[in-house]
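Colleague: Order-wise, the sequence lines are chains A and B.
Counted the way this note's numbering counts, the first sequence spans residues 1 to 236.
Counted the way this note's numbering counts, the second sequence spans residues 1001 to 1308.
Don't take each hint at face value.
Said to hold, decoys possible - To give a feel for the contact side, a few chain A residues facing chain B, derived at Cβ under 8 Å:
(1) VAL50
(2) VAL53
(3) ILE70
(4) HIS73
(5) GLY79
(6) LEU82
(7) PRO84
(8) PHE90
(9) ARG92
(10) PHE104
(11) TYR105
(12) ASP108
(13) PRO124
To be verified - In silico DSS-like pairs for lysine-lysine, Cα to Cα no more than 30 Å straight-line:
(14) LYS7(A) to LYS127(A)
(15) LYS131(A) to LYS1169(B)
(16) LYS230(A) to LYS78(A)
(17) LYS231(A) to LYS1169(B)
(18) LYS231(A) to LYS174(A)
(19) LYS1169(B) to LYS127(A)
(20) LYS1171(B) to LYS213(A)
(21) LYS174(A) to LYS230(A)
(22) LYS197(A) to LYS7(A)
(23) LYS7(A) to LYS174(A)
(24) LYS197(A) to LYS69(A)
(25) LYS1171(B) to LYS7(A)
(26) LYS231(A) to LYS1171(B)
(27) LYS197(A) to LYS230(A)
(28) LYS197(A) to LYS1171(B)
(29) LYS154(A) to LYS1171(B)
(30) LYS69(A) to LYS1171(B)
(31) LYS56(A) to LYS78(A)
(32) LYS1169(B) to LYS213(A)
As the list claims (entries may be wrong) - Listing some non-contacts, in silico: residues in chain B with all C-beta distances to chain A over 10 Å:
(33) VAL1067
(34) ALA1107
(35) ASN1125
(36) THR1146
(37) ILE1157
(38) ALA1175
(39) ALA1184
(40) VAL1185
Please keep in mind that the hints were generated in silico from the structure rather than gathered at the bench.
For each residue, glycine too, the CB sits at the ideal point set by N, CA and C.
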Amino acid sequence: MSLLEVKKLEVAYGGIQAVKGIDLHIEQGELVTLIGANGAGKTTTLKTLVGLVKPKSGSISYDGNDCTKIPVHHFVSKGLSLVPEGRGVFSRLTVEENLRMGAFYRNDPNAINAEIEHVYELFPRLKERYKQLAGTLSGGEQQMLAMGRAILAKPKLLLLDEPSMGLAPIIVQKIFEIVKMISQQGVTILLVEQNAKLALEVSDRGYVMESGKITMSGPAQELLHSDAVKKAYLGE
Amino acid sequence: MDFLQQILNGLVLGSIYALIALGYTMVYGIMGLINFAHGEVTMIGAMVTITVLGVLANAGVDLPGAVMVLLALMVAIPVCMLLGFTIERVAYRPLRNAPRLAPLITAIGLSIVLQNLAILIWGRNYIPFPPLLPHDSVNIFGASITVLQVVIIFLAIAIMVGLLLMVEKTKLGRAMRATSQNPAVAGLMGVNVNTVISMTFVIGAGLGAIAGVMVAANYDQAHSHMGFLIGLKAFTAAVLGGIGNLGGAVVGGILLGVIESLGAGYIGDLTGGFLGSHYQDIFAFMVLILVLVFRPSGLLGERVAERA
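Using the sequences provided together with the hints, build the complete structure.
Modeller: Structure below.
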């Protein structure tokens, strides 16, 4: 059974249909990317997966649960975490408080403290600034904080929405390295990206989304070398 | 030592304002709503306490005055907490995603409903607060302050310190701050946003109940309309400190109390006897107007730079 299985998912805001009947599945341990242009419906799809947006029709099953019936705040304890677009750090909480929010649902203080140290090893910048308010961090640091916070939630399935958005290339490299590392530790990842090349390079499989529909899917390497993808998303 | 006397009076008044202002500012901080019914919660806290004291006296309970008041508070606080919980649940939650004007009008409507409900239960007259608490005066450099007033100041400080510690240091406090900044992401972290909002109303109402009893005990009386003016002044205090900011509510409350007290004490001298101390109330609202004109974010309002 797939860890995540989406069938015929349709989402509409008011009269506008953002997602028009998509199917996708993610297996345990995979790193899957969902690429597509701005406005294709990628973020809406992710938001629907964690209950922030209610679907019009279709089904979402995650680890045996019907996602359309779970309240938003229960997803994280079921191992489903979203790092939202624009990072969503709590700007008036300190770096460390933000990390602790990631572990909010957990009740194992010793393990949490150890994992915070581990996140600081991954991102030394965060350790230097642990007492600073998150709103004073740079964009790249905020993205690191958002990823660190997600690590503390101990997800089984991590949803990343545009982690590279608005960041300098060198930071983007670092972020993608971390994504790969999290994946290698056994976390299943769904990565939504506009940076198609980088996303496909790190992923096992990919889906291409256009105006609310999945238009292509397959192993990431195949997509990376397909002419249609090259032309539309890689600028080649 | 008239000046010192006014400062002491101002501190008593100000610590009460601060307790009530915290209720306004907590709710505003978490959902951007001005809960105008909060003043009424304060009034109901005072009324319930007096009623319970009456029942105890009729039942022949004869304990030291402070213990009696404490017992009555143990009833009034949960009653007000339940009221705060119900207000949010019934009046504000259905409007969570409505335009901001809708809950504001509801808040004003609710305030009127509660006032009239209080008139139905307790009547239109002033109700005396039974003389159970010591009104002996202490002299401090020529100024006098009653034992009760000293207790009011220290109790208010203790409660405020406790609340600030709770918000800064505990998990619930962290969840409250996170929810106030970004409810959607707080939900993703596993915070039940509805519970946090309910808790905010419940805590604010509990503080309001205590403040209401302080007012009634200090002035030896309570009235079904007392919540309106004191609520507006506490709201002014919250705005003065920077609404949404807990420290601001404390600073704003105490400052407003002192300003009001000094104003009332010296208005006669300043206007050559034309205006008397019964014009006390104009100072709070002058402060409100000045703050809104010159520093709408308040003394301690939003100073942190934020990046997208």
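Colleague: For the pair we were handed, LYS174(A) and LYS230(A), check the Cα-Cα distance against 30 Å.
Modeller: Between LYS174(A) and LYS230(A) the Cα gap is close to 24 Å, so the pair holds against 30 Å.
Colleague: Does LYS230(A) pair with LYS78(A) here, judged by a C-alpha cut-off of 30 Å?
Modeller: Not satisfied, since the Cα-Cα distance of roughly 37 Å exceeds 30 Å.
Colleague: For a C-alpha distance cap of 30 Å, please report whether LYS7(A) and LYS174(A) respect it.
Modeller: It is violated: about 34 Å lies between the C-alpha atoms, which goes past 30 Å.
Colleague: Checking one constraint from the list: CA of LYS197(A) to CA of LYS230(A), max 30 Å. Satisfied?
Modeller: holds (9 Å)
Colleague: Min Cβ distance, VAL50(A) to chain B: is it shorter than 8 Å?
Modeller: holds (6 Å)
Colleague: Would the hint linking LYS131(A) and LYS1169(B) be met if the CA-CA limit is 30 Å?
Modeller: It holds: about 14 Å lies between the C-alpha atoms, which stays within 30 Å.
Colleague: Interface hint check: HIS73(A), Cβ to nearest Cβ on chain B, cutoff 8 Å. Holds or violated?
Modeller: The hint holds - HIS73(A) has a Cβ within 8 Å of chain B, the shortest such distance being about 5 Å.
Colleague: Given the hint that LYS197(A) pairs with LYS69(A), does the C-alpha gap stay at or below 30 Å?
Modeller: violated (35 Å)
Colleague: For the pair we were handed, LYS1171(B) and LYS213(A), check the Cα-Cα distance against 30 Å.
Modeller: violated (42 Å)
Colleague: Taking 8 Å as the limit, does the beta-carbon of GLY79(A) come near enough to a beta-carbon in chain B?
Modeller: Violated, because the Cβ-Cβ distance from GLY79(A) to chain B comes to roughly 11 Å (cut-off 8 Å).
Colleague: For the pair supplied as a hint, LYS7(A) and LYS127(A), confirm whether the alpha-carbon distance does not exceed 30 Å.
Modeller: violated (42 Å)
Colleague: Quick one: work out the minimum CB distance from ALA1107(B) to chain A and report holds if it exceeds 10 Å, violated otherwise.
Modeller: holds (25 Å)
Consistency note: the structure conflicts with the earlier hints numbered 2, 3, 5, 12, 13, 14, 16, 17, 20, 23, 24, 25, 26, 28, 32, 38, 39 and 40.
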